[in-house]
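The task is simple: from the sequences and hints, build the whole structure.
Chains as they are written, first to last, in the UniProt record's numbering: chain L, 1 to 195; chain R, 1 to 164.
None of these hints come from the bench; they were simulated from the model.
Backbone N, C-alpha and C fix where the C-beta goes; we use that ideal spot for every residue, glycine too.
The calculated label-pair distances, taken between Cβ atoms and stated as ranges, are:
no., chain 1, residue 1, chain 2, residue 2, range
1, L, Met165, R, Phe81, 30 to 38 angstroms
2, R, Gly115, L, Glu52, 41 to 49 angstroms
3, R, Glu20, L, Lys107, 58 to 66 angstroms
Here are some chain R residues the structure puts well away from chain L; computed CB gaps all over 10 angstroms:
no., residue
4, Glu78
5, Arg79
6, Ser84
7, Phe85
8, Gln86
9, Gly88
10, Asn109
11, Ile114
12, Gly115
13, Leu120
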Amino acid sequence: MALINVAAREIHCKIVYYGPGMCGKTTNLQYIHSQVPKDVKGDLLSIATETERTLFFDFLPLDLGKVRGFQTRFHLYTVPGQVLYERTRVAVLNGSDGVVFVADSNKNKMQENVNSLKELAQNVTRQNKKFAEFPIVIQYNKRDLPREVLASVQTMDHFLGVTKMSWPRVEAVATTGTGVFETLRAISRAVISKL
Amino acid sequence: MDPQLTSIIVPTEELGQIEECLVRLVEDTGSDYALLLDKSGQVICSKGDGDRQDITALGALIAGVFASSREVAKLLRERDFRASFQQGVRENIFIALIEEQWILCIIFNKGTHIGLVKVLTKKATDELASVLERVRQQHKARDEVLGSSFRTSMEDTIDLLFRD
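Here is the structure:
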């Protein structure tokens, strides 16, 4: 839920990166943090296990500066992807304005992608929001995988049912930054259009 | 709920009342800091000693803790945990929920008794609940803030800052 503080002239929006374990959600935030100018970003906060897996969330505040007199801030979060953290994902998703669904392009991960997207739909609906109208951008990550294990975009579209929805989708390699900002631009625009 | 109507708009007058309420709470309890957060972790207002630089991260973490405890409550078939208390060696934190939407957080040291914090926080949450009720009626004001020119400017800013 976006917050518009008229007296302080501030607008805050919350964007959550969702998806199965090891699909590259944290890598997206790390790349954004490494590239945006210092005056735009806050510290990247990660609550992770000793093995660097996300335990609760990663958090990156971005300050876009003044837009028409309003200080505009986007807060980016990731959820922990592992199956056992389902309730934690619900907690992080609470009050979000938009979601980037990061799908793993590995052929062997299709079922995990599908399960995660289904779970996202349930969780958004439980928050009394219409899933079909909720701002979502799909990112097909790891497009640099070897051809033997790389799922085609058509295959991923088919499995995830993306063609039925009007979601923007972006091909990405988060480790090198390919598609990371295209994804961020797409979700930011989608969120703003729904404010 | 229509996603188009999910923005919460805090007008100037209501923010003044919130500030007043937090200042009074800090003074009456002798606390260090009081924060009002939206459940999404965004800081609506903060009052207290000094200029904290970590407010944004604090807001995200406290809202995370509260959202997490809500899920624990569900597993225990409890409707909600309305309040939580975290005790440190020097600093303590008391957190209370306001109408499922806002979170009031008080940071205090061992010079302040938890009982006093609980009683005065209850009074403050009642007061803030009525402010929240008025804030919820503010949908019309959104169009005055977010006209089409705002969205166009916003898109230009996004394209400029988030370029490859």
